[in-house]
Structures are given as C-alpha cells and as structure tokens.
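Visitor: As you go down the protein sequences, you meet chains A and B in turn. Note that our numbering has the first sequence beginning at 1355, numbered continuously upward. Note that our numbering has the second sequence beginning at 29, numbered continuously upward.
These are calculated hints, taken from the structure and not from any lab test. One or more of the hints may lead you astray.
To be verified - Simulated pairs of lysine-lysine, BS3-like, Cα-Cα distance not exceeding 27 Å:
no.: 1; chain 1: A; residue 1: K1494; chain 2: A; residue 2: K1552
no.: 2; chain 1: B; residue 1: K144; chain 2: A; residue 2: K1853
no.: 3; chain 1: A; residue 1: K1552; chain 2: A; residue 2: K1610
no.: 4; chain 1: B; residue 1: K120; chain 2: A; residue 2: K1748
no.: 5; chain 1: A; residue 1: K1943; chain 2: B; residue 2: K120
no.: 6; chain 1: B; residue 1: K144; chain 2: A; residue 2: K1459
no.: 7; chain 1: A; residue 1: K1524; chain 2: A; residue 2: K1610
The residues making up each chain are set out below.
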Amino acid sequence: MRIGVFVCHCGSNIAGNVDVGSVAEQALSLPDVAFASDTMYACAEQGQEGIIEAIRDHGLDGVVVASCTPRMHEPTFRRTVERAGLNRYMFEMANIREHVSWIGKDKEANTRKALDLVSMAVSKLRYDRPLTPKSFEVNKRVMVVGGGVAGIQAALDCANGGLEVVLVEKQSTIGGKMAKLDKTFPTVDCSSCILGPKMVDVSQHPNITLYASSEIDELSGYVGNYTATIRRKATYVDWEACTGCGLCMEKCPSKKSADYFNEGVGTTTAINIPFPQAIPKKASIDPDFCIRFTKGKCGVCAKVCPTEAIRYEQEDELVTEEVGAVIAATGFDLFDTSKYAQYGGGRYPDVITSLQYERLLSASGPTGGHVKRPSDGKEPETVVFVQCVGSRDKSVDRPYCSGFCCMYTAKQAILTKDHLPGSQSYVFYMDIRAPGKLYDEFTRRAMEEYDTRYIRGRVAMIYPKGDKYVVRGADTLAGTQVEIEADLVVLAAGAESAKGSPRMAEKLRISYDKYGFFMESHPKLRPVETNTAGVFLAGACQGPKDIPSSVSQGSAAASKVLEMFSKDMLESDPQVAAVDIKRCIGCGKCVQTCPFGAIEETDFRGQPKAGVIETVCQGCGLCTATCPQGAIQLQHFTDNQILAEVNALCRQPLVTSFE
Amino acid sequence: MPAATGDELRIVGFLCNWCSYGGADTAGVGRFQQPTDLRIIRVPCSGRIDPLFILRALFHGADGVLVSGCHPRDCHYSEGNLYARRRLEVLKRFLPILGMDERRFEYTWVSASEGKKWQTVVHKFTEAIHELGPAPALSEAQVARAQAVAADAA
Chain A
1355 MRIGVFVCHC GSNIAGNVDV GSVAEQALSL PDVAFASDTM YACAEQGQEG IIEAIRDHGL
1415 DGVVVASCTP RMHEPTFRRT VERAGLNRYM FEMANIREHV SWIGKDKEAN TRKALDLVSM
1475 AVSKLRYDRP LTPKSFEVNK RVMVVGGGVA GIQAALDCAN GGLEVVLVEK QSTIGGKMAK
1535 LDKTFPTVDC SSCILGPKMV DVSQHPNITL YASSEIDELS GYVGNYTATI RRKATYVDWE
1595 ACTGCGLCME KCPSKKSADY FNEGVGTTTA INIPFPQAIP KKASIDPDFC IRFTKGKCGV
1655 CAKVCPTEAI RYEQEDELVT EEVGAVIAAT GFDLFDTSKY AQYGGGRYPD VITSLQYERL
1715 LSASGPTGGH VKRPSDGKEP ETVVFVQCVG SRDKSVDRPY CSGFCCMYTA KQAILTKDHL
1775 PGSQSYVFYM DIRAPGKLYD EFTRRAMEEY DTRYIRGRVA MIYPKGDKYV VRGADTLAGT
1835 QVEIEADLVV LAAGAESAKG SPRMAEKLRI SYDKYGFFME SHPKLRPVET NTAGVFLAGA
1895 CQGPKDIPSS VSQGSAAASK VLEMFSKDML ESDPQVAAVD IKRCIGCGKC VQTCPFGAIE
1955 ETDFRGQPKA GVIETVCQGC GLCTATCPQG AIQLQHFTDN QILAEVNALC RQPLVTSFE
Chain B
29 MPAATGDELR IVGFLCNWCS YGGADTAGVG RFQQPTDLRI IRVPCSGRID PLFILRALFH
89 GADGVLVSGC HPRDCHYSEG NLYARRRLEV LKRFLPILGM DERRFEYTWV SASEGKKWQT
149 VVHKFTEAIH ELGPAPALSE AQVARAQAVA ADAA
C-alpha cells in the first residue's frame, strides 16, 4: 500500500503550536507511507489540488490528512480523494487541531502527540477497504413537530414546495407563543393579524394534514423512511362533527377552568375553544374541570351541541404516518418566575409575568385589552418592568441571554403608555441587547418618545405596601439605592427549553445541550441540521429566538428538506455491518442487540445465519462488539482497525490480528 | 510507534463520535487547555467498544484507558451506551481478578456541548494516572495468561 500524509498548518492554528514540518518528516518513516508533506490550508482549493496532484504523481492508494476534526472536514477530503480517482473510504483524518494544538501550549509535547495521532490514522488506513454506497428510495413526505410560528412557516414552505406535510401540535390549536402576543416588536403590528392568515393557510392547504392535540409517541426508521406513531389525545369531542359554533362554551356551567391560553389570567369554561381565531376551531373538554368527569353528572354540552359531537367516552387514538424527514419545531417555555422568591411572582397577584401582561394588553385577552390590575381591576399608574428574570443569572442555572426580553419589555412599555397615557413605566435592566434590524431605535423610542425610565441595576426585592408594591433595587449608574412604589410589576421572564424536550430529543435521536435545547450539527455552518440524517430544527427548540429568526429558521429547515427530497434516491452510508458467513454460527445475538432491527436471520444452505439489511443499518457497531465469533464487523471500524490504532499507541505492539 | 517520553504517560481514550468526541472538539474550540497524555480513538458509539480493546491496551503498555460516551438515554443509536455501560461496569469489576489495577480504567459520559466537563474529565483522569505512575511491565507469560482468562470470560 502507498499512503500519503498531509499535515495542515491551518494558518497558525496548528503550525503555531505543532511543528508540522517535523510531523510530516517523521511520518515518512511509518509503514506504507510513500509520501508526506505539510500544507498551509489543506481544505482550501490549493491544498486540495496539492493532495490530488500528490495522489497522481506518487501513485498513492490511501490518504491521511492531519488537520481539524473529522466532524468538520471529513466529507470535504473524501470528495477530494474521490476526485483523484481513489475510493472515498481510503481516507483517514488525524485531529491535530481541536485535540492537540488548541488544547496544549507545549509545542514539543504537541508535536509528539500529533505524530502519534498520524501514526494511528496510518495504522487504521492500512486496514481500510474501498466501500460503495447503495441507493434507496425516499418517501417524500415530511413531518413537522410543533405548530408555533417556526413550525407553521416550515410546514407552509414544504407544502408550497409540493411536499405532503404532517403537522403535529400538542395543544388544541396551532399558533404557539406568538398567538398569545398582542403586538410584535419593532413594528408594533398586531400579532394575530400577521399570524392569523398563516394559520388559516395551514388549515386550508391541500398538502397539509394537521394533527392538533397530538404528540409523537415514537419515531422509528431512518432518513428517507421514518415511521411516526402519533398519539391523538382524547378531546371528548368528535372534531369531524364539531363546527366550532361555541354554543357549548356559552352553556357550560363549569366556568372556573384554568385558562392555559390566557396564561392563567382569568378563567374559561371546561369545554372550550382556546381563542376565537384558533386553528382548528374545535372545542375540547378539560376533564380536570368538567363536572361530568369530576362529579359524574351534567352533560349540558352534549344536550346543546347542534351536531351531537360530544363524546365523553372518547379515548386516545394512535395513528402512524410514514415520512422521509422530520422538522422539530417544539419551541420553548418561559422561566418559572416563582423561583425568585424575593420578587413574589405567583404570590403577589399584581406581580405578573411578561406573557400574562401580554394577555392583559391584548384586545382578545381576558380584559378585552384594558390594562387592569389582577387584584382589584384598577388601572395601574406606575408599572415597573424587571428584566433578566431567569436569564443571565447563574444562581438559577440560566447563565445565557434569552435575547428577546429587552425588546418585548420596550414594546410593553410603549404599549402601556398607549393604553394608559397617564401612566409611568420603569424598566430595571442589566444591559440593553437590541442587535436586530431597527431594534435599537425601538428601545430608544421607548425611552425618548414614551418617557420610559430605564434604571440600570438588579432588583433586590419586591414587597407589598398597602395596595402598592415597593420595588427596591440598585441604580448602578447613579450608585444609589432606588425604591419605586408600583401598582403593577411585570417580570420579564427568560426562555428555557420546552418541558420534556430531553425526552423528545431521545425519541428523535438527536442531542440536546445541558439546558435542554436541541443541538444543531454545527453552530455556524449547519444551524438547522442535526447529527441525525433527515431530522432538522426550526425555531426556539434550538435556543431562544425572536419571531424573525424563528421564521427564517423554519424556512431554512424547509429548504433543507426540499434539497434532500430533490433526489428520488438517497445514498446510504456504506459504513455498515457485514457478516462473514463462514464465521457466523447463527446464535442470533446480533439480531437481539440491534436497536434498529437491521439484522435478520437468513438461511444459508439450511443453516441459520445473520444477514444485514444495509439501508436500515445505522453503523453503530453494537453487533460487532456483541458477536462472540467476530463474524459481524462494522466496516471501516472493524476490530482490526480499532486494534491497529490501539497498537500504534502501545509499548508492546502486537502484530497478530484480533480475529 | 509511541513517541511518549519524559513525564508523559500513555493514555488511550475511546470516544463515541456523537457526544464525547464532539465534546472534546467543543473543548478544543473553546481552547480549554488539557494535559497532552491522552490520545483519542474515535468510534461510532460507546456500544461499539469491545471490552477486549481496553484489556488489550492495558496489557500492552497503556498506562490508562478512558472511555466516554453519550449520557445514558441520550444515545445517537437509541441504546448503544446502555450496552456500553453494562459491559464497561463488568469489565471494571473484572480487572482486579486479572491482576490489573482497576483505577487505570475509567468510563464517563460527556455530551457534545460539555467542553468544560471534558476538560475536567481529562485533567482528573490524567492526574489519577500520574499518581499511579507508569503501568508495571508485564512479562510475556503474564500477558498470555491474562489473555487466556479474558478470552474465556468473553
């Protein structure tokens, strides 16, 4: 075998901390290495051309590039060696940037380590065999999980692109958090006026199947061929028959049910349609509050329903959908402000969250858009906004900035003045973060035109005094203590990952970070892809996002799906398991172990043997580590290859093979 | 051909591609400085790791072996790390029977976002191995005997 080694400088990223020239020189003494050199930027066009040239000039049949992480550029270099006529799997990478030059300052030690990594890659490459991908058909349907603005945008873009879309929403209506907003920043246009038409488009689009009040129970399969089990939760109303007339809501005697849509400001009826523009506009019963369910009698809604749609005996129903790709758009939740006991959120009736205040401002909210204190219904004169409640605060494990709280606080301060011209608003802030288009101008308007007083500093505590609340905090610019007597306090809650998001990530087989947000494939260059092929991200499930970012990510995810579906056949990764039929004893352990059902028992001249279904195999290698005979081997990560790497590191290398 | 000299010891790391290898990358991108003793072998899943890889490394002069995968329940392959956890725990208890110091082998769970945690893991494990010092050289007979026992057990 003739192996070429290319050691990348990566500018000074590697060369600054590793003697790349010496690594290349010493690599020449490794077995089978016929050529070695160092190169400024291996991934740049010149670098790649250099590799191709060397392959041709020196008759190389395998290449090692020592540069950055294979998670970044392995596909790039695989294409490079392919362009030179080699099989793309006759290539290995040594990660001497992320794992060497960036984490160690000692140039000598780094150089030794880099050489070790190169020698491991060479050892592995000596056992590499050319692999050929197989193609398989793609099911050109897509499932969008979550019907907030990101999910709606993704579903519409896919549907308009000609794909069949299955949209799954947990709540009984789509619209997500945006549907609860009164106005949006920085344009102060009405949220439901811009979202409403999109929601209607979803309901009317011939390519979209909407499952509201539904959740994903299970997702199995692989890119191009997923099977989703969707649980349609019992709403106790036959949605086929329900016309959304609302008569049941009028007559329902249980009027004290929790109003989730209005964030608990006010109450609703046990059978309800969350809000007038709901899509689908169908009633559902909250069994926790329904008299029929709690006390066994009532049944008023069944009596008044003109279409006889009430079904008290309804149960959850499971449906399966076959799709080729999944877009996760499960959104976020707001920080639970009651964790700040000193602010009295949840204890004092007039200390409310920003989203509750949004419902008070909204014309379709519980007060019809009149700003009234929840405790006594009086119009507040002094409103204090407290920012960074549950963001940029290590003490509550939310060190990150939620990004949109500065802006919605400015918007709410402006709207407060619009609603109550005689009022005065105060904002306690840490820094103003307003980097979007027209965002900074907007906060300035809140200060200058609407006379909102911004005080830089944290609030220490809030306590009631008569029918007012004293907000005590620091003004760090003036260096003084501040006390303001407020009629209403609004806590600007930060964003956190949606409840149950780790569980959802496990179902979708994607990663999540320590705060529960889903992880993208690459934070800069692959922001809507995940490490699971065919699963994409949109919106705030990936991290806090405002509406424009959520919408653009929804579109981005849709374009990724459309790109994937532009081909009729997808290529499968050939790094899958293969069975050595002579060694296989047909014990069936691999069949039991495989999480994907990718191994089946086959008959070989009357003997049971394992057979790999190559398009289903995901290449984890669980079977390889399980097989007592070493008969099933994960190609490109065979026992011999991994042991070759081990041997390269050990003091007493073994020459014998593992098999 | 290992080039470790001086104070450096030989530590072999087996890392799953999706979580811990990503975590080590994240640590690199964050420039979280680490000792240089550890060399990482990338495997698709911690469930791919045959306990015999670890034994072979230890019997042939590695001073320490570190395995790291995705947190249990957060596996790219649904349940690979659950298999890994069972195998690795059995191996850990089995090492003293083979005459190996079980402190030379450790397994952890580090996700792709936990660069800082990876740095801590590497520091701690390297420190522990340095406290133990270089692995005592085994005679050929010892190696052969231990391997026979290991092969029987597997």
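Visitor: Each hint: holds or not?
Guide: Verification of the hints:
1. Among the hinted pairs, K1494(A) with K1552(A) is consistent with the structure: their alpha-carbon atoms are about 23 Å apart, no more than 27 Å.
2. In summary, the hint linking K144(B) to K1853(A) is supported, as the alpha carbons are separated by about 25 Å, within the 27 Å threshold.
3. In summary, the hint linking K1552(A) to K1610(A) is not supported, as the alpha carbons are separated by about 32 Å, beyond the 27 Å threshold.
4. As the CA atoms of K120(B) and K1748(A) are separated by approximately 36 Å, the hinted pair breaks the 27 Å bound.
5. Note on K1943(A) and K120(B): the hinted pairing holds, with a Cα-Cα distance of about 23 Å set against a maximum of 27 Å.
6. Distance check on the hinted pair: K144(B) and K1459(A) sit about 18 Å apart at the alpha-carbon level, within 27 Å; holds.
7. With a CA separation close to 23 Å, the supplied pair K1524(A) and K1610(A) stays within the 27 Å bound.
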